[in-house]
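The residues making up each chain are set out below.
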Amino acid sequence: METYLGEKQQASQWSPYINNGGSCLAVAGEDFAVIASDTRMSLGYSIKTRYSTKYLKITEKCSIVSSGMQADIFTLHKVLKSRAQIYEQKHGKPMSTDAVAKLVSRLLYYRRFFPYYTFNIVAGIDDEGVGCVFSYDAIGTLERVKYSASGSGSSLIEPVLDNQVALKNRNDIKKEDYKLTKENAIDLVKDAITSAGERDIYTGDFVEISIIDINGTHEDKFELRFD
Amino acid sequence: MQKGGFNFDLYQRNVELIEKNNYKVPKTTKTGTTIVGVVFSDGVVLGADTRATSGPIVADPNCEKIHRISDYIWCAGAGTAADTENTTGMISLQLELLSLSTGRSPRVRTALTLLKNFLFRYHGYISAALVLGGVDFTGPHLHMIHPHGSTSTLPYISMGSGSLAAMAVLETGYNSKMGEEDAKSLVHQAILSGILNDLGSGGNVDLCVIKHKSMEFFRNIDTTNSKRKFRKKLPYMFKSGSTKILEKQIKEKMEKMEIVNEKESQIEELEEL
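Protein sequences appear in the order of chains A and B. So that you can map any letter, position 28 of the first sequence is 28 in my numbering, and since no number is skipped, the others follow by simple counting. So that you can map any letter, position 78 of the second sequence is 78 in my numbering, and since no number is skipped, the others follow by simple counting.
Wrong hints could be hidden among the right ones.
Quick partial rundown of chain B residues pointing at chain A, CB under 8 Å, derived from the structure [to be verified]:
#  : residue
1  : P56
2  : V58
3  : L196
4  : D198
5  : R228
6  : K229
7  : R231
8  : L234
9  : K239
10 : M254
Calculated directly from the structure, the hints in this document are not laboratory data. Just so it is clear, CB atoms sit at the ideal spot from N, CA and C, and this is done for glycine as well.
Whole structure, please, built from the sequences with the hints as guidance.
The following block contains the structure:
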């Protein structure tokens with residue numbers, strides 16, 4: 001069937017994947033990490049639920065947020081949680097953040113030919129007590145970074161983090177003189193995801209934000225727009 | 001004599017551009033939208049949300065969707081923003097000229113006929129779904145117009161992506177003996193339902209109450225949903241020099257002006273306040 005502009009529309013084929021929307025981000029500091037995700041679950045133009053968690057605390061030093069298809073997020077988190085528990089019982093100590101990051105990568109690649117429709121970010125404190133963020137694609141490509149955003153609002157959030165965390169495209173502050181404090185990082189993360197909620201229809205309702213440092217994980221929740 | 005429909009001379013060129021040159025067809029700004037109209041004892045109430053979307057992005061968080069056709073005939077529009085604005089604008093012009101040449105005040109049914117005939121000529125390619133309401137000398141009228149040119153006359157109407165959410169409220173709350181306040185409140189609730197439950201609608205509520213020789217436009221009557229809930233305390237600061245200056249050119253366009261009369265006293269008065 002051709003439309004007036006000549007675009008050819010293929011008959012819609014059934015797809016096992018759907019996108020439930022939502023945005024996630026994480027920022028790493030010198031000795032802390034901040035990780036956040038919204039809780040809106042959408043389908044098309046409808047809201048299925050205003051609260052569906054995309055966040056999972058794996059250990060006191062490590063957490064994961066995922067955006068994409070809620071069914072796959074739920075399953076991946078379930079598998080990850082149980083694998084972390086098995087490790088802790090076998091080795092007598094919780095998984096290190098690096099180990100969790102690698103495990104997520106392997107779990108995703110295990111499904112190379114029928115991937116989890118999830119866009120994950122792992123954040124936490126590494127063995128040296130330094131904040132770290134790991135970002136992935138759908139099949140498990142692993143990269144350690146200073147900050148990352150994923151989901152429907154990622155293209156709105158990532159440029160803000162580029163400018164404010166990595167100090168890209170600005171010549172007024174030198175990287176050596178700049179230190180991202182915990183309070184500033186938390187405010188920045190809250191501001192960035194609030195701004196995404198203003199302009200992205202799939203981001204909204206509530207945000208689960210979590211601050212990870214040497215003392216453990218502190219979880220918090222705040223509101224976004226409901227429209 | 002009006003020429004009909006679209007000119008398809010460039011159709012072949014467009015097909016080739018898309019297939020061979022990888023031309024990306026531009027996305028139109030749609031209004032997503034919840035629009036509503038309700039007839040009450042003395043007139044009509046029209047309501048609309050204020051969000052315009054371009055795909056999943058909010059292009060305008062506070063646009064105006066209730067357009068003036070004539071002083072007491074107004075029209076709310078859903079669909080492609082350019083289409084609703086230009087269609088209602090065009091029919092508003094035609095109606096004004098018509099009322100001047102006939103010497104009579106315009107009727108709602110005239111606007112209806114002009115709109116439906118215009119849209120039918122374009123066979124649905126002009127994506128404008130309208131809720132037309134007004135009061136003329138024959139009384140209050142409310143109509144819905146679909147992009148293909150079909151119309152319906154009903155006591156309560158909802159259109160746009162949020163129409164189901166709004167209609168649920170209208171069906172629950174409508175009764176034929178409503179007064180002005182009840183009708184306003186019902187339209188308000190219906191639009192709110194669309195704003196909260198439909199992702200294509202959002203922002204503020206706009207209301208328009210039309211009675212005999214009277215029109216009240218309540219722009220942004222309800223802004224509780226469009227308040228930003230968090231703003232970080234420290235502002236974003238960019239010291240001068242953060243954007244690299246590559247080249248500097250100073251041109252003297254005109255001679256420097258002399259300040260003849262300085263209103264210092266006015267400034268002092270303002271400072272005292």
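> Which earlier hints can't be squared with this structure?
Replying inline: When the structure is compared with the hints, only number 10 turns out to be violated.
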